[in-house]
Structure formats: structure tokens, C-alpha cells
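Asker: Each chain, written out:
Number of protein chains: 2
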Amino acid sequence: MPSDLEKAMESMIMVFHKYASKEGDNNSLSRRELKDLMENELSGFLMSQKDPATVDKIMKDLDTNGDGQVSFEEFVSLVVGLSIACEQCYQMHLKKTGARK
Amino acid sequence: MPSDLEKAMESMIMVFHKYASKEGDNNSLSRRELKDLMENELSGFLMSQKDPATVDKIMKDLDTNGDGQVSFEEFVSLVVGLSIACEQCYQMHLKKTGARK
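Chains A and B, in that order, are what the protein sequence lines are. Offset between the first sequence (1-based) and our numbering: plus 16. Offset between the second sequence (1-based) and our numbering: plus 16.
If you're looking for bench data, these hints aren't it; they were derived computationally from the structure. Mixed in with the good hints, there may be bad ones.
Claimed, not checked - Straight line, CA to CA, 25 Å or less: simulated DSS-like cross-link-like pairs of lysine-lysine:
{"id": "1", "chain 1": "A", "residue 1": "K23", "chain 2": "B", "residue 2": "K112"}
{"id": "2", "chain 1": "B", "residue 1": "K23", "chain 2": "A", "residue 2": "K34"}
{"id": "3", "chain 1": "B", "residue 1": "K34", "chain 2": "A", "residue 2": "K34"}
Same shape as in the complex, but just chain A (with noise of 0.2 Å):
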């Protein structure tokens, strides 16, 4: 039975490979499906992504080697840029609401 740690690194391959199979290398993601990925799997963190300019950044900042497709590598570094902005809120939660030892 995987820990809920473990499912996530799972969560995060699969839902990578899920998006990158649709089109082209199955390997990397494609502007397209990076936007589809944003759209579908991220709404509740990126509420402006529906702007195409916001896509066309984000891409750019993942795509460290300019090859025009995001790898499993250069996709992570989002996950962990997101889940790291999560975090900090988290600590300022737990700041307010005094729910510290």
C-alpha cells in the first residue's frame, strides 16, 4: 500500500505522461499540452491561465533548454515552484491561527 507520499510522486508522472501521449514526443509536453494540462489539472492554483500570454510565460520559465517542448524534469520544477508558494501561505496560516506546538 503506497503512503500518500508515494502516491504523489506517482500522481505527478502519470498526470505528466497523460498530457504529453496526446501529441507529438511522448515525452515532453507541447505548448498545447501544457495549456491543457494548466487548464484541467491546475485551475485551482493558476486562476489566470486562460490568458494565452500567461501560458506563453510559464512555458518559456519551464523550458530551461529552449527546445519548445517541457520535459518531466523542467515540468517538476513548476510542481515544486507552486507547491513551495503553497507552503508559505500554509506557514502563514499556521502563524494566525496559532496551531503551533
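Keeping the supplied structure of chain A fixed, place chain B upon it in accordance with the hints.
Answerer: Leaving out everything else, chain B in the frame of chain A:
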């Protein structure tokens, strides 16, 4: 209703804080907290973590600022490293089984 990817990010944050809140600073993992986390949440991935030297090695690798504590930012680099390793295995599996478009 959060997506699988959003739930994955939530899991990373909640697992980190579950262990970080056990002793000392609630926003970072001590060596003992990291060891507990790895034994309970990553047993399927890190088969050799029962060797005390493995925890020390991972602790040293993760603790990039050398304060003897692992912050959330440092913790996610472990999760990312494991996820990238798993994803490479998954790609090899896809190649072998020919389960590609």
C-alpha cells in the same frame, strides 16, 4: 474538487508538516524527523534507509544551507529527485513494453 496533481502538492505539504511538527522548529525537519518520514512514507522507494548512514547522507545532501535542519524547499528536492528517477524507469518501461503511440 481538487485534481490529482493538486492533491499531490497538498500531500507533500501535509506530510512535511506532519513530521516537522513533532519536535523543535515546526517548519523544518530534524535528522530524527527526516528519518521517521523516510521510514514511514518512503519505505517503498528507499529500501536501504534502515542503515543510519543513509539518513545522514541524505540529510547532508538535502541540507544545502548546512543548518542541520531540512526546510520544505530542501525536502521537495528529495521528492523531485525520487520522482525524476521513477519517471526515467517509467519511460524505460514504456519503451520495453512498446506502449507508445
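Asker: Are K34/B and K34/A close enough, with their CA atoms no more than 25 Å apart?
Answerer: Distance of about 30 Å is beyond 25 Å: violated.
Asker: Tell me if the straight-line CA distance from K23/A to K112/B falls inside 25 Å.
Answerer: 24 Å, holds
Asker: Regarding the pair K23/B and K34/A, is the alpha-carbon distance no greater than 25 Å?
Answerer: 16 Å, holds
The structure fails to meet hint 3 from the earlier list, while all remaining hints are met.
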